[in-house]
Amino acid sequence: MFRIVFILMLLGTGLLVCVPHLQAEMKITLKDGKVIEVPVSEKDVKSIEYGNPQAVPEGVVPEKAIRVQSAKYGNISFELEGELGYKQYFCNAKETLVKECNGKNKCRVIVGNTICGDPYPGKGKYLYVEYTCGRKLKRAKKSQTEVMVLSCP
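Just so we're aligned, residue 62 is where the sequence shown starts under my numbering, counting upward by one.
Since the hints were made in silico from the structure, they are not lab data.
Owing to the predicted nature of the structure, the values given are computational and were not obtained by experimental measurement.
Heads up, a few of these hints could be off.
Claimed, not checked - Derived SDA-like pairs (lysine to any residue); straight-line CA-CA distance at most 25 Å:
hint, residue 1, residue 2
1, Lys125, Ile171
2, Lys155, Ser138
3, Lys203, Arg128
4, Lys165, Pro214
5, Lys165, Cys194
6, Lys133, Asn153
7, Lys199, Cys152
8, Lys125, Val210
9, Lys202, Ile97
10, Lys160, Thr193
11, Lys125, Thr157
12, Lys133, Arg196
13, Lys160, Tyr150
14, Lys95, Gly195
15, Lys202, Gly183
16, Lys125, Arg200
17, Lys184, Ile137
18, Lys167, Cys152
19, Lys167, Ala126
From just these sequences and the hints, can you work out the full model?
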């Protein structure tokens, strides 16, 4: 809502002149629910539209969408090696999962060697994924040839 602010100027002749100036108040609701009002001039007000998927800039993921944090594909062998006592045979599947799933509400992935190669030839493998929906961390695990479904409500 605009209000008119009058600036009174006293001229050398002793006459008062009223100069109108338009100003708007922008209301901002903070995460804690508190509402603050910020005065802005008409020229500073810009229109911003939300909710239109075509208007979302590239690389920006909606708050309630899938965001892949980590993903690995492979398995472990209980052969003795290193501090852990076993060998790990994994490849980094994050890049593939980010391309397939980030920004979506639901994503289906067929678990297999097409994700990032075959890190453990001739052996069964699993896909392990950590992803977020907003601030909630979720984990998923599926074995080779199964369909993994990642979803955000």
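Verification of the hints:
Annotation: proposed proximity of Lys125 to Ile171 holds, straight-line Cα distance about 23 Å (limit 25 Å). Between Lys155 and Ser138, the direct Cα distance comes to roughly 22 Å. Compliance with the 25 Å bound is thereby established for this hinted pair. A hinted pair counts as satisfied when its Cα atoms are at most 25 Å apart, and Lys203 with Arg128 qualifies at roughly 18 Å. For the given pair, Lys165 sits about 11 Å from Pro214 by alpha-carbon distance, which is consistent with the 25 Å threshold.
For a cut-off of 25 Å, the pair hint linking Lys165 to Cys194 stands: about 10 Å separates their Cα positions. Only pairs whose Cα atoms come within 25 Å are accepted, and Lys133 paired with Asn153 is accepted, the gap being roughly 5 Å. In summary, the hint linking Lys199 to Cys152 is supported, as the alpha carbons are separated by about 20 Å, within the 25 Å threshold. Between Lys125 and Val210 the CA atoms are separated by roughly 16 Å; this keeps the pair inside 25 Å, and the hint holds.
Proximity of Lys202 to Ile97 is assessed by CA-CA distance (about 45 Å); at most 25 Å being required, the pair is judged violated. This hinted pair checks out: Lys160 and Thr193 have alpha carbons roughly 15 Å apart, not beyond 25 Å. Distance check on the hinted pair: Lys125 and Thr157 sit about 20 Å apart at the alpha-carbon level, within 25 Å; holds. Of the supplied pair hints, the one linking Lys133 and Arg196 holds, its CA atoms being roughly 21 Å apart against a limit of 25 Å.
For the proposed pair Lys160 and Tyr150, the alpha carbon gap of about 23 Å is at most 25 Å, so the pair holds. With a CA separation close to 21 Å, the supplied pair Lys95 and Gly195 stays within the 25 Å bound. Distance check on the hinted pair: Lys202 and Gly183 sit about 20 Å apart at the alpha-carbon level, within 25 Å; holds. Restraint check: the Cα-Cα separation between Lys125 and Arg200 comes to about 16 Å, which is no more than 25 Å; the hinted pair holds.
At most 25 Å may separate the alpha-carbon atoms for a hinted pair to count; Lys184 and Ile137 meet this at roughly 10 Å. Using a Cα cut-off of 25 Å, the hinted pair Lys167 and Cys152 holds, with the two alpha carbons roughly 24 Å apart. With a C-alpha separation of about 8 Å, the suggested pair Lys167 and Ala126 falls inside the 25 Å cut-off, and the hint holds.
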